[in-house]
Amino acid sequence: MKNIRLLLLAPLVLAGSVSSPLYAAEKLTYYCSAQEDWCQLMATGFEEATGIKVNMTRKSSGETLAQLKAESSNPKGDIWWGGTGDPHLQAAEEGLLAAYESPMRGEQNDWAIKQSESAGNQTIGIYSGALGYGYNEDVLTANNLPVPACWSDLLKPEYKGHVQMANPNSSGTAYTTLATIVQLFGEDEGFEFMKGLHKNINQYTKSGSAPIKAAARGENTIGIVFMHDAVKQAASGFPIKVVAPCEGTGYEIGGMSLIKDGRNPENAQKFYDWALTADVQTRALEVNAFQVMSNKGATSSPKAPDLASIKLIDYDFKKYGSSAERKRLLKKWDDEVSVLPQ
Amino acid sequence: MNKSTWLWLVLGLIGFCLLPWYVQEDGLWGFEWLVDGYPFDPDYAPALFLLMQGEKLWLLPLAFWLLLPIAAIGNSPKTVRYKANVLLLAGVLGLSWLAIQGYSIGLRGWNYEALATLFGPLDDRQYGMGAGALLVTAAFLFILTTGIAGRGAVNGDVFVVGAIGLIIAMVTVFIFFPIVQMLSSALRDNDGTYSLGIFLAKFLDNKIWGLNCLQGGTRCGVAWNSLFLAVLVGFSTTVLGLAFALVATRSGFKYKKLLRALTVLPIITPPFVIGLAIILLFGLSGSITQFVAELFNLQPTRWIYGLPGIYIAQMLSFTPIAFLVLIGVVEGVSPSMEEAAQTLRATKWQTFRTVSLPLMRPGLANAFLLGFIESMADFGNPLVLGGNYDVLSTEIFFAIVGAQNDQGKAAVLAIALLIFTLTAFYAQRRWLGKKSYTTKTGKGDGGMHVMLPRRVLLPCYFIAMTWGVFTVTVYGMILYGGFVETWGLNNTLTFKHYITAFGIGYNDFGIHFKGAAWDSFWTTLKIAATAAPLTAIVGLLTAWLLVRQNFAGKNAFEFGTMLSFAIPGTVIGVSYILAFNVPPIELTGTGAILVISFIFRNMPVGVRAGIASMSQIDKSLDEASLTLGANTWRTFTRIILPLMRPAILAALVFSFVRAMTAISAVIFLVSAEYNMATSYIIGRVENNDYGIAIAYSSVLIVVMLAVVGLMQLLVGRVDTRRRLSQSESKA
Numbered sequence: 535m536k537n538i539r540l541l542l543l544a545p546l547v548l549a550g551s552v553s554s555p556l557y558a559a560e561k562l563t564y565y566c567s568a569q570e571d572w573c574q575l576m577a578t579g580f581e582e583a584t585g586i587k588v589n590m591t592r593k594s595s596g597e598t599l600a601q602l603k604a605e606s607s608n609p610k611g612d613i614w615w616g617g618t619g620d621p622h623l624q625a626a627e628e629g630l631l632a633a634y635e636s637p638m639r640g641e642q643n644d645w646a647i648k649q650s651e652s653a654g655n656q657t658i659g660i661y662s663g664a665l666g667y668g669y670n671e672d673v674l675t676a677n678n679l680p681v682p683a684c685w686s687d688l689l690k691p692e693y694k695g696h697v698q699m700a701n702p703n704s705s706g707t708a709y710t711t712l713a714t715i716v717q718l719f720g721e722d723e724g725f726e727f728m729k730g731l732h733k734n735i736n737q738y739t740k741s742g743s744a745p746i747k748a749a750a751r752g753e754n755t756i757g758i759v760f761m762h763d764a765v766k767q768a769a770s771g772f773p774i775k776v777v778a779p780c781e782g783t784g785y786e787i788g789g790m791s792l793i794k795d796g797r798n799p800e801n802a803q804k805f806y807d808w809a810l811t812a813d814v815q816t817r818a819l820e821v822n823a824f825q826v827m828s829n830k831g832a833t834s835s836p837k838a839p840d841l842a843s844i845k846l847i848d849y850d851f852k853k854y855g856s857s858a859e860r861k862r863l864l865k866k867w868d869d870e871v872s873v874l875p876q
Numbered sequence: 003m004n005k006s007t008w009l010w011l012v013l014g015l016i017g018f019c020l021l022p023w024y025v026q027e028d029g030l031w032g033f034e035w036l037v038d039g040y041p042f043d044p045d046y047a048p049a050l051f052l053l054m055q056g057e058k059l060w061l062l063p064l065a066f067w068l069l070l071p072i073a074a075i076g077n078s079p080k081t082v083r084y085k086a087n088v089l090l091l092a093g094v095l096g097l098s099w100l101a102i103q104g105y106s107i108g109l110r111g112w113n114y115e116a117l118a119t120l121f122g123p124l125d126d127r128q129y130g131m132g133a134g135a136l137l138v139t140a141a142f143l144f145i146l147t148t149g150i151a152g153r154g155a156v157n158g159d160v161f162v163v164g165a166i167g168l169i170i171a172m173v174t175v176f177i178f179f180p181i182v183q184m185l186s187s188a189l190r191d192n193d194g195t196y197s198l199g200i201f202l203a204k205f206l207d208n209k210i211w212g213l214n215c216l217q218g219g220t221r222c223g224v225a226w227n228s229l230f231l232a233v234l235v236g237f238s239t240t241v242l243g244l245a246f247a248l249v250a251t252r253s254g255f256k257y258k259k260l261l262r263a264l265t266v267l268p269i270i271t272p273p274f275v276i277g278l279a280i281i282l283l284f285g286l287s288g289s290i291t292q293f294v295a296e297l298f299n300l301q302p303t304r305w306i307y308g309l310p311g312i313y314i315a316q317m318l319s320f321t322p323i324a325f326l327v328l329i330g331v332v333e334g335v336s337p338s339m340e341e342a343a344q345t346l347r348a349t350k351w352q353t354f355r356t357v358s359l360p361l362m363r364p365g366l367a368n369a370f371l372l373g374f375i376e377s378m379a380d381f382g383n384p385l386v387l388g389g390n391y392d393v394l395s396t397e398i399f400f401a402i403v404g405a406q407n408d409q410g411k412a413a414v415l416a417i418a419l420l421i422f423t424l425t426a427f428y429a430q431r432r433w434l435g436k437k438s439y440t441t442k443t444g445k446g447d448g449g450m451h452v453m454l455p456r457r458v459l460l461p462c463y464f465i466a467m468t469w470g471v472f473t474v475t476v477y478g479m480i481l482y483g484g485f486v487e488t489w490g491l492n493n494t495l496t497f498k499h500y501i502t503a504f505g506i507g508y509n510d511f512g513i514h515f516k517g518a519a520w521d522s523f524w525t526t527l528k529i530a531a532t533a534a535p536l537t538a539i540v541g542l543l544t545a546w547l548l549v550r551q552n553f554a555g556k557n558a559f560e561f562g563t564m565l566s567f568a569i570p571g572t573v574i575g576v577s578y579i580l581a582f583n584v585p586p587i588e589l590t591g592t593g594a595i596l597v598i599s600f601i602f603r604n605m606p607v608g609v610r611a612g613i614a615s616m617s618q619i620d621k622s623l624d625e626a627s628l629t630l631g632a633n634t635w636r637t638f639t640r641i642i643l644p645l646m647r648p649a650i651l652a653a654l655v656f657s658f659v660r661a662m663t664a665i666s667a668v669i670f671l672v673s674a675e676y677n678m679a680t681s682y683i684i685g686r687v688e689n690n691d692y693g694i695a696i697a698y699s700s701v702l703i704v705v706m707l708a709v710v711g712l713m714q715l716l717v718g719r720v721d722t723r724r725r726l727s728q729s730e731s732k733a
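Going down the list, the sequences are from chains Y and B.
Each position in the first sequence, counted from 1, maps to that position plus 534 in our numbering.
Each position in the second sequence, counted from 1, maps to that position plus 2 in our numbering.
Note that these hints are calculated values from the structure, not bench results.
Remember, predicted model here, so these are calculated numbers, not experimental data.
C-beta atoms are modelled at their ideal positions from N, C-alpha and C, and glycine is treated no differently.
A portion of the hints provided could be inaccurate.
[Unchecked claim] Here are a few chain B residues that sit away from chain Y, every Cβ distance over 12 Å (derived from the structure):
| # | residue |
| --- | --- |
| 1 | Leu59 |
| 2 | Tyr313 |
| 3 | Arg347 |
| 4 | Leu460 |
| 5 | Arg550 |
| 6 | Leu580 |
| 7 | Pro644 |
[What the hints assert, rightly or not] Below, computed lysine-lysine pairings styled on PhoX-like, alpha-carbon distance capped at 20 Å:
| # | chain 1 | residue 1 | chain 2 | residue 2 |
| --- | --- | --- | --- | --- |
| 8 | Y | Lys865 | B | Lys204 |
| 9 | B | Lys58 | B | Lys5 |
| 10 | B | Lys204 | Y | Lys866 |
| 11 | Y | Lys865 | B | Lys209 |
| 12 | B | Lys516 | Y | Lys587 |
| 13 | B | Lys516 | B | Lys498 |
| 14 | B | Lys516 | Y | Lys861 |
| 15 | Y | Lys729 | Y | Lys853 |
| 16 | Y | Lys861 | Y | Lys648 |
| 17 | Y | Lys729 | Y | Lys690 |
| 18 | Y | Lys861 | B | Lys209 |
| 19 | Y | Lys837 | Y | Lys775 |
| 20 | B | Lys528 | B | Lys516 |
| 21 | Y | Lys794 | Y | Lys804 |
| 22 | Y | Lys694 | Y | Lys733 |
| 23 | Y | Lys561 | Y | Lys804 |
| 24 | Y | Lys561 | Y | Lys587 |
| 25 | Y | Lys866 | Y | Lys729 |
| 26 | Y | Lys610 | Y | Lys587 |
| 27 | B | Lys5 | Y | Lys866 |
| 28 | B | Lys556 | B | Lys621 |
| 29 | Y | Lys794 | Y | Lys603 |
| 30 | Y | Lys729 | B | Lys209 |
| 31 | Y | Lys853 | Y | Lys865 |
[To be verified] Stretch-level coverage of chain B by chain Y, calculated; a stretch enters the list once three of its residues show a Cβ under 8 Å from a Cβ in chain Y:
| # | segment |
| --- | --- |
| 32 | 283-291 |
| 33 | 389-399 |
| 34 | 586-596 |
Could you put together the complete structure from these sequences and hints?
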């Protein structure tokens, strides 16, 4: 019976197969967790380079992870690019991502490959940036405050009400800060530090880069953020100075991942390879993204913080990126730090 | 069988035999399937063709239930009761079978382990419901309701029973189902096992209910924060809204039109924009803060971040809602009652206190309820201005999107929120009692409204003027902010932000919209324009059923239709993703999910406006129409609707504006293809790009003003044939 149907329908089927390329244009659904203009640049750049139509959604990495989880039984996205690496690692841990080894791996920095290997090749590092803080020069002078240079400076009583950081419960940046302090000073002393810092904090913001943006607009004095975020505010003309803390500091690795069971896996791989090339990564400068890129051949801005000159700790992504350790540290911070009077 | 039964049977058969059964990748209105292998390709085939090819055999019973009424009744003379029972049976069987097969067989075969062990493995799968399945569902639904009507429910009124059935079905699918899915996660621990103990431990958490602050501790539980704020905002917006409504209708105030325009402004503004303007005015480096600090040589503080900031912003945002509710009520109070009081020698003050004010009670209660719930669910203002004053709505959001990513916690917080809002709802109903507020009687209702007594008028003037000046300042800032390079730092005037967002270029193909904002702008307009009339229809239909019809389970029906209002948008957003990402109802990533979320989020406002306005229309008008031989449909369209024009306008305006300015649910539901203006703007705000955010918002405000004006023209003003009021007749 099926044969008869096929015979009868041959003309229709033929017409369909001839016309289908016209209708089914190549496409890619692209989840982006970096800054908007960078996301846009990647999307249009890829469209121009390959002719594949890109559908982009920009959401923070936490939101994207929530969406991937919700969509896990029927994934809509193909590739997830940008955003701090922890949610990417978490997604890998939860089996939401597909493993892939790109031919471009040879050109990448070691930290990018290391990130990939720690998650069974389900994600890869695409940029990295060190943690630090920035301050608003004008507000600092207006309040006659000394210039800070170390983590320990932030505990001085004269900074009371002048420091802002994000809430580690809601922000990956702030969690990185917590994990960095714990790794830098040890857990007990680290929490003593967080308690001291708590006295000087005027607000725990929800989003990671909000403290430096508030500082840029003069709504705050010192913001604990990733240094590239502070550099970006300075480059946009705000009176912001960037500090690499003297004791040393932690860093993040931005991630890129293929989404498991996506609808356009081949195009996703094309994007993945393309995004790892030196030329594409150099274009980050067009949108004031001052991170250090993963491709060894990519040029970085003279304004960008030079990772080589910053004292970096040996950040344990595997341990501090795992759900269990994260939950434990956050609970401890909630119970011991956030409840204290300010 | 009567005509409408035949109609639905035929439509059902069309859905079964002609339209593609499963959802199409290019959407309901995409017609790729017509040229691409229809009707035999399994992706595009109607159910009939699938069955003929021996596929998806579990759809077969649906055909039987669809043909059952025709076979059992035909045109043969049977008792009415028998016919009704057959229709009822067919409808129930059809709907149940649709649900059973839909939830049992999904994308990966059997959805439940138990079914696989019972029936053995299934090497087949099915996608979400498409046009065909949708039509068949509708057919079964109306066959069912026709059956119920035939058995004598609501006096056998087919239209009323059908309407009730439709609304129950929609509310069940689009409100209860997702919420139950969401709330069930509150009872689950991380491994997916259900446990009441875990729920209680989470629910009674000190962070939610702690009362530390009363005993000198650092801060109170987030639930108390929300409650305190909401009561404050509900009360203040009601008072302000009443003051404006009174000034606008019962005073000789010369600039009424201006006042009306001003009160409309905040409602058409993306909420966090007001927050931004308040920061730019009152923040640590804000213009007013700096000015005052220099004048009195004070140290500027961050006082605005926290309760004061949220309170001011919410007052600005929600007073217009109270105003819109109250102006209809204040206008609706019959002048003849007031004239009667005055004829009986009451003073103006006595008349106002003992006649006018009590008649406004339903409106006042509604306004308070709206303000209370809006404040509870508000997301944009606390996000921008909250400081360390946490409220439930933002906590829910960050429980889901934050690094902690804890759906269970979000659900628990949502339950706390629900308890407050439902209690408010209940208290309001108790307070209104069973007194009659009917004022549009259909009998001679000439006369004019009494002017306000002085002791009410003066405070009203004062409040209105202060608020007016403040609003003008805030909006001046917003407008100005779109034209300066970088606010506060470099105040050079520029068109840069408008060009980036809304640049238009020309190329070989004609006009090219190259600005970054065009995409989300057109999508937003389309979605809002689709959602608004649908919301108004659903809302007013529900209101009419509630006020005018009596049927079993009416209270439960009302509760269901109002429920979505008490659920914060963030929860709706996540629950929709959970419920509608997988077959049988597959909606994520479409524009439809946005439209649907808007309809059911905003429907309660249509219902409220409808109820408030309809309870003022005397039932004798309906009865007169029915006595003269019109059926319910005709009475509804020819008598009720024209009298309800203010309510229709309110519902239309509100839902359109809401669709363009909402953010809390939207932020979860936008997709690459359907990005909305608010989610684009919040992205710019996150990026410290206030210029573009404010420029885009200014454009949205202008567009909404134009659309609201247009709607006012189209729907027209209600003419109750009263004499012109004094001020108007003088002019």
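Verification of the supplied hints:
no. : hint                : in the structure
1   : Leu59               : 15 Å, holds
2   : Tyr313              : 17 Å, holds
3   : Arg347              : 60 Å, holds
4   : Leu460              : 39 Å, holds
5   : Arg550              : 41 Å, holds
6   : Leu580              : 6 Å, violated
7   : Pro644              : 45 Å, holds
8   : Y/Lys865 x B/Lys204 : 14 Å, holds
9   : B/Lys58 x B/Lys5    : 32 Å, violated
10  : B/Lys204 x Y/Lys866 : 17 Å, holds
11  : Y/Lys865 x B/Lys209 : 12 Å, holds
12  : B/Lys516 x Y/Lys587 : 17 Å, holds
13  : B/Lys516 x B/Lys498 : 14 Å, holds
14  : B/Lys516 x Y/Lys861 : 45 Å, violated
15  : Y/Lys729 x Y/Lys853 : 23 Å, violated
16  : Y/Lys861 x Y/Lys648 : 24 Å, violated
17  : Y/Lys729 x Y/Lys690 : 12 Å, holds
18  : Y/Lys861 x B/Lys209 : 17 Å, holds
19  : Y/Lys837 x Y/Lys775 : 12 Å, holds
20  : B/Lys528 x B/Lys516 : 19 Å, holds
21  : Y/Lys794 x Y/Lys804 : 15 Å, holds
22  : Y/Lys694 x Y/Lys733 : 7 Å, holds
23  : Y/Lys561 x Y/Lys804 : 11 Å, holds
24  : Y/Lys561 x Y/Lys587 : 4 Å, holds
25  : Y/Lys866 x Y/Lys729 : 11 Å, holds
26  : Y/Lys610 x Y/Lys587 : 15 Å, holds
27  : B/Lys5 x Y/Lys866   : 69 Å, violated
28  : B/Lys556 x B/Lys621 : 18 Å, holds
29  : Y/Lys794 x Y/Lys603 : 11 Å, holds
30  : Y/Lys729 x B/Lys209 : 19 Å, holds
31  : Y/Lys853 x Y/Lys865 : 16 Å, holds
32  : 283-291             : holds (count 3)
33  : 389-399             : holds (count 3)
34  : 586-596             : holds (count 3)
The structure does not agree with the numbered hints 6, 9, 14, 15, 16 and 27 stated previously, though it agrees with the rest.
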